[in-house]
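Trainee: Single-letter residue listing:
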Amino acid sequence: MRFDTPATTNPIDQLKVVGKPTDRIDGRHKTSGTAHYAYERHDVVPDQAYGFVLGAAIAKGQVAAMHLEEAKTAPGVVAIVTTLDMPRLERGMMNAAYLFGGPVIQHYHQAIAVVVAETFEQARAAAYLIRVDYEPEAGKFDLAAEAPNAPLVGDDSGEGSSGPPEVRVGDFEGAFAAAEIKLDESYTTPDESHAMMEPHATIAAWDGDQLTLWTSNQMIAWGKRSIAKILGIPAQKVRLDSPYIGGGFGAKLFIRADAVLAALGAKAAQRPVKLALARPLIANNTTHRPATMQRIRIGANPDGIITAIAHESTSGNLADGKPETAVSQTRLLYAGANRLMAMRLAPLDLPEGNAMRAPGEAPGMMVLEVAIDEMAEKLGLDPVQFRILNDTQIDPENPDRRFSHRDLVGCLRLGAERFGWDQRNPQPTQVRDGHWLVGMGVAAGFRNNLLTKSAARVRLDREGVVTVETDMTDIGTGSYTIIAQTAAEMMGVALDKVVVRLGDSSFPASAGSGGQWGANNATAGVYAACVKLREAVVQQLGFNSADAVFSGGDVRSGNRSVLLADAASAGDLVAEDLIEYGNLAKTHQQSTFAAHFVEVGVDAATGEVRVRRMLAVCAAGRILNPKSARSQVIGAMTMGVGAALMEELAVDKRRGFFVNHDLAGYEVPVHADIPHQDVIFLDEVDPMSSPMKAKGVAELGICGVGAAVANAVYHATGIRVRDYPITLDKLIDRLPEAV
Amino acid sequence: MAHPSELNVNRREVIAGAGACAAVAAAPLPAGAQRSRVETPVLTQVSFNVNGQLHTLEIDTRTTLLDALREHLHLTGTKKGCDHGQCGACTVLVDGRRINSCLTLAVMHQGDTVTTIEGLGTPDNLHPMQAAFIKHDGYQCGYCTPGQICSGVAVLDEIKAGIPSHVTADLTGSVQLSEAEIRERMSGNICRCGAYSNIVEAMTEVAEKQG
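Chain order of the listed sequences is B and Y. First residue of the first sequence? That's 1 in my numbering, and the numbers climb one at a time after it. First residue of the second sequence? That's 1 in my numbering, and the numbers climb one at a time after it.
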């Protein structure tokens with residue numbers, strides 16, 4: 001099905017199942033321990049041996065020799081594969097770093113060996129008997145030191161945020177110089193780790209030249225092509241299966257060392273191998289969100305109209321890596337006739353920087369929305385009002401291009417009302433609650449909506465059960481449930497008559513889970529397949545397709561009503577189709593919008609920050625399942641609090657690695673850090689997006705949260721921290737005098 | 001075994017020590033260092049009751065309770081998130097008290113009674129805490145969920161038993177159920193998907209039904 005004109009009324013608009021808050025259909029399994037994740041597939045293949053991955057202990061240089069004598073003779077060892085056993089392997093899609101093979105070390109904890117043994121304990125013990133001779137080389141590990149020489153580099157995150165090396169509209173320098181009110185500030189955001197709860201894990205089994213990977217991967221079709229390329233085998237010889245994924249946030253978009261080394265280990269051991277990356281490997285072996293250094297300049301007239309806006313960002317990466325596209329949202333969020341955006345990329349020898357939840361916008365909004373708060377204060381304007389004043393309904397770089405639907409103003413107004421923003425004293429440091437300095441902050445949220453093709457197969461059987469098969473993944477997003485809701489709505493059956501099977505590369509290729517594109521595109525693909533299945537049903541039953549109604553497990557046409565199941569009495573009916581898109585995303589800018597409101601308390605003596613209240617108001621098209629969509633948003637708000645207050649991969653600039661590479665050293669929010677969270681979805685649809693009229697929401701939820709926290713901390717303390725995370729050491733010596 | 005109140009160490013307090021250990025473990029071994037050859041693994045017999053069933057295992061003394069459950073008994077509902085006692089995904093109940101099963105060796109549990117997520121309830125016969133997690137969407141990817149639920153069940157018991165926590169105002173009086181008590185006691189169970197707000201609501205509902 002080609003979607004190239006705005007959606008009109010269709011069966012989804014009945015909203016009998018879609019749009020209702022619905023418990024997850026996979027919930028019974030997730031809550032009872034019967035959902036089986038990658039490392040847990042004891043049933044899929046017998047005789048699984050255990051692999052253990054060894055990481056390099058230098059950040060840059062060569063492996064000169066590996067001494068395996070002791071490891072090879074250690075009890076239980078079946079096989080050892082080292083990086084010196086083969087030339088450097090090809091890279092998969094969007095890998096910047098090479099994952100294995102050859103002597104060259106590009107980053108710390110790069111995989112250099114896998115030990116396969118009868119048990120996990122034996123594999124682990126033997127791996128630490130491998131002695132490695134390194135030839136280390138000097139590397140570049142300090143972004144601030146390299147930034148002055150970083151060239152302008154544009155790119156696309158592949159996840160909706162992008163920019164050329166430099167974008168200019170009008171005359172920024174002239175307008176900024178002439179502006180009566182000006183802001184020129186610099187900010188930094190640190191390297192961050194996805195830190196999903198399930199480590200990267202894979203079971204690999206060869207059957208002749210056929211490879212099966214039971215793995216944990218967000219993008220099955222990409223993964224299938226990538227592992228084939230890396231191993232130099234035809235893609236049709238590979239099958240991936242990922243029915244449950246213990247979180248990803250971008251860390252599992254691409255094939256990583258777990259899949260490669262399980263496959264190589266299984267080949268060498270001549271039996272299936274299971275392995276997981278040990279937690280301390282993940283921060284340095286896999287990918288992370290790169291640190292940024294950002295500068296924002298805003299010029300406005302005294303009425304608060306922005307006349308000039310510039311956002312520049314510098315990040316670092318390995319030689320073939322991309323910049324963090326942190327200026328992307330500033331191209332679209334606010335009006336202003338004179339504009340400048342630029343990105344610079346410094347070559348660094350740290351591990352690979354790559355997509356993490358809302359790449360580009362997440363760190364970009366953390367900075368832009370603090371700058372907007374600062375500018376509002378300079379203008380003497382309420383920060384909600386300042387944002388409303390500078391709203392735009394057109395793409396500021398291309399005035400002929402309108403937003404498909406944009407209600408940022410509605411989000412800000414409703415949020416302000418619900419949060420009690422009118423109670424806020426505009427002066428900072430005025431509110432105390434015992435020993436707490438109390439402040440309120442606001443930020444806009446912005447994230448693009450991406451359209452990408454997605455296929456599905458649907459089957460109707462004689463029991464009236466509809467089975468959906470697609471390689472779409474559910475990484476906690478609720479894909480199982482919204483896909484079931486879509487099929488139930490389309491075929492007119494109850495939710496318990498729908499079976500959803502996901503994550504298997506033998507199913508039709510879906511959009512996958514990334515860039516908050518999963519929900520809208522994957523359900524639109526199911527919609528397309530269901531349209532075909534409805535046609536097959538109507539034909540089978542001899543109905544007129546134009547007036548057939550699918551409802552309550554029946555198909556009705558005129559006075560005639562037949563059980564849907566009867567259409568499959570002579571055999572299953574199967575239909576497969578995909579959604580693909582015309583140029584609606586080119587003619588119209590498709591984005592999602594939010595307003596984030598946060599109240600914090602800052603301990604007047606210690607500077608400890610506690611988040612007291614949080615509210616997000618989101619405008620993201622039709623919300624398919626308000627229950628799981630709300631969870632996506634509160635989860636993103638939680639990650640946003642982490643980014644604002646605690647998350648930071650600490651760089652050892654001498655040895656070139658992230659020091660705090662586990663879940664004790666890399667702090668993420670815990671229960672005690674997060675209060676009750678409120679989320680409101682504006683009741684809206686976006687017919688430009690797809691027949692579902694939905695848009696993404698999972699990444700919108702993180703965009704702007706960190707800035708709302710930072711602005712609240714400023715309001716509480718009068719201290720503007722421009723280097724994230726806002727830890728108490730950055731506040732304590734500047735706190736207002738205690739009462 | 002430690003008394004549960006001793007386990008209620010504020011997470012922030014343990015970070016420095018654990019981080020330092022991890023950094024040492026990851027450092028390269030000095031070239032040419034003397035090592036003893038690895039001996040044949042020592043196998044020991046251990047018997048314990050898991051979810052009402054007695055199991056006798058011939059097990060490597062290095063095997064954690066977590067890996068005994070997952071790899072030997074195929075009870076994979078208990079999750080390995082970090083294997084270092086940092087995340088709580090491996091939480092099970094041993095003799096009614098919650099414990100990080102990755103931080104304890106299987107051979108230390110001779111004669112113990114272990115309850116895992118599979119022992120709390122099944123898909124067709126859910127424990128009230130499991131049902132409340134579904135109702136309140138107290139999970140997303142599901143990987144920390146069994147640990148959260150096991151902890152959740154134990155936390156309500158700890159509050160009922162009057163065991164104080166870091167946020168208990170009156171250490172000598174009875175402990176009142178509150179969101180602050182739940183959040184404090186659940187802070188050893190990390191949920192990176194960020195379902196905390198919903199988990200607290202699920203636990204509160206179960207506690208209120210228990211009365």
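No lab work stands behind these hints, which were simulated from the structure alone. A hint or two may mislead.
[To be verified] The list that follows gives simulated cross-link-like pairs (lysine-lysine, BS3-like), each with its CA atoms no further than 30 Å apart: (1) Y:K209 with Y:K135; (2) B:K497 with Y:K160; (3) B:K229 with B:K182; (4) Y:K209 with B:K653; (5) Y:K160 with B:K20.
[Claimed, not checked] Which chain B residues face chain Y? A few, computed with CB under 8 Å, are given here: (6) E121; (7) G246; (8) D320; (9) D566; (10) S569; (11) Q677.
[As the list claims (entries may be wrong)] One side of the interface only, derived from the structure: several residues of chain B facing chain Y at Cβ under 7 Å: (12) G158; (13) E198; (14) H676.
Every residue, glycine too, gets a C-beta built ideally from N, C-alpha and C.
Trainee: For every hint, state whether the structure bears it out.
Mentor: Here is how each hint holds up against the structure:
1. Y:K209 with Y:K135: holds (14 Å)
2. B:K497 with Y:K160: violated (42 Å)
3. B:K229 with B:K182: Distance ~52 Å between K229 of chain B and K182 of chain B Cα, so the pair is violated.
4. Y:K209 with B:K653: Status violated; Cα separation ~54 Å.
5. Y:K160 with B:K20: At roughly 37 Å apart (the allowed maximum being 30 Å), K20 of chain B and K160 of chain Y break the hint.
6. E121: With a minimum Cβ separation of about 4 Å from chain Y (threshold 8 Å), the hint on E121 of chain B holds.
7. G246: holds (3 Å)
8. D320: With a minimum Cβ separation of about 26 Å from chain Y (threshold 8 Å), the hint on D320 of chain B is violated.
9. D566: Violated, about 30 Å.
10. S569: violated (30 Å)
11. Q677: holds (4 Å)
12. G158: With a closest approach of 22 Å, the G158 of chain B hint is violated.
13. E198: At about 4 Å, which falls below the 7 Å cut-off, the nearest Cβ of chain Y leaves the hint on E198 of chain B intact, so it holds.
14. H676: holds (5 Å)
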